[in-house]
Amino acid sequence: MKTMKRILSGLFFVMLLSFNHTAIAQMRGGGRMDQSRSGHGNVHSQQKMRINVRKMAALHLYDEHKVLKKLRVKNKEKARQISALLQDYNRAVRNIELKYHDRIREAKRMAKEAGSNSYQAGNDTGMQLVRKQIRLKLAPVRKEVMVHQQELNRKMKQLLNKKQYKKWLKYQRKKNRIRSQNQTQLHSRNNRSGHGSRKGGGMRGGGGRGMYR
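Letter by letter, the sequence shown follows residues 1 to 213 in my numbering.
Bear in mind the hints are in silico, worked out from the structure with no lab data behind them. You may find that some hints are simply not true.
Stated by the list, open to error - Calculated pairs, DSSO-like style, for lysine-lysine (alpha carbon to alpha carbon, straight line, at most 27 angstroms):
1) 66 / 78
2) 155 / 167
3) 66 / 163
4) 175 / 74
5) 66 / 162
6) 166 / 143
7) 112 / 174
8) 108 / 132
9) 66 / 157
10) 170 / 155
11) 167 / 66
12) 157 / 74
13) 76 / 163
14) 69 / 55
15) 69 / 170
16) 112 / 175
17) 76 / 167
18) 137 / 174
19) 175 / 155
20) 167 / 157
21) 76 / 166
Construct all of the structure, not just a fragment, from the sequences and the given hints.
Written out as structure tokens, the structure reads:
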């Protein structure tokens, strides 16, 4: 009987140790998951609160080498002419940026201040109003850039075939696109939803010049 009691006591002790070890491991794993969720949330919030002033003003520059590669321009003379057009366009954009330097600097200050306030408040309720204010402030800048862009497109159309020109316009629209507030919030929600769905499945599975300035 004493031997049996010792065996039962030993088994009970082993089971107790095993239970404690499992519970501690689950608690640690849960803590890491919470930290991961919190980290993802912070990233989304920071992305959501960012206002890209240069993009709102359409102050992007084109890298002629990347454009030629994207459009698959083989003819050397056409490639030379397109490169010259893009260089002229970039020069015009830089001059516009110098012309409206104070206005652009003020817009950047507004964007930075609004981002800091929203981050501290934990929400972006005031960001939509600030975006409208910045958009109005940058309207003369963007309008002047668009004049040069239309002239660039007119000349590009003369040099490119139909397929290339269509690809060029699609690429240009992507550069000009300004993400709206609703689109940004939807992107953030989708990311959070995707992270949540991965949580369930994650337990089963294994762990020169810039194009845009």
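Taking the hints in turn, this is what the structure says about them:
1. 66 / 78: Holds, at about 15 angstroms.
2. 155 / 167: 15 angstroms, holds
3. 66 / 163: The hint holds at about 17 angstroms.
4. 175 / 74: With Cα atoms ~24 angstroms apart, residue 175 and residue 74 stay inside 27 angstroms; holds.
5. 66 / 162: Within the cut-off at roughly 19 angstroms; holds.
6. 166 / 143: Given pair residue 166, residue 143 holds - Cα atoms ~23 angstroms apart, limit 27 angstroms.
7. 112 / 174: 24 angstroms, holds
8. 108 / 132: 13 angstroms, holds
9. 66 / 157: Given that 27 angstroms is the threshold and the Cα spacing comes to 18 angstroms, the pair holds.
10. 170 / 155: Judged against 27 angstroms, a Cα distance of about 16 angstroms means the pair holds.
11. 167 / 66: 13 angstroms, holds
12. 157 / 74: 16 angstroms, holds
13. 76 / 163: Cα-Cα ~18 angstroms, so holds.
14. 69 / 55: 23 angstroms, holds
15. 69 / 170: 15 angstroms, holds
16. 112 / 175: Since the Cα atoms of residue 112 and residue 175 sit roughly 22 angstroms apart, the hinted pair holds (cutoff 27 angstroms).
17. 76 / 167: The given pair, whose Cα atoms are some 19 angstroms apart, holds under the 27 angstroms limit.
18. 137 / 174: At roughly 22 angstroms apart (the allowed maximum being 27 angstroms), residue 174 and residue 137 satisfy the hint.
19. 175 / 155: 19 angstroms, holds
20. 167 / 157: 11 angstroms, holds
21. 76 / 166: 21 angstroms, holds
Violated hints: none; the structure is consistent with every hint.
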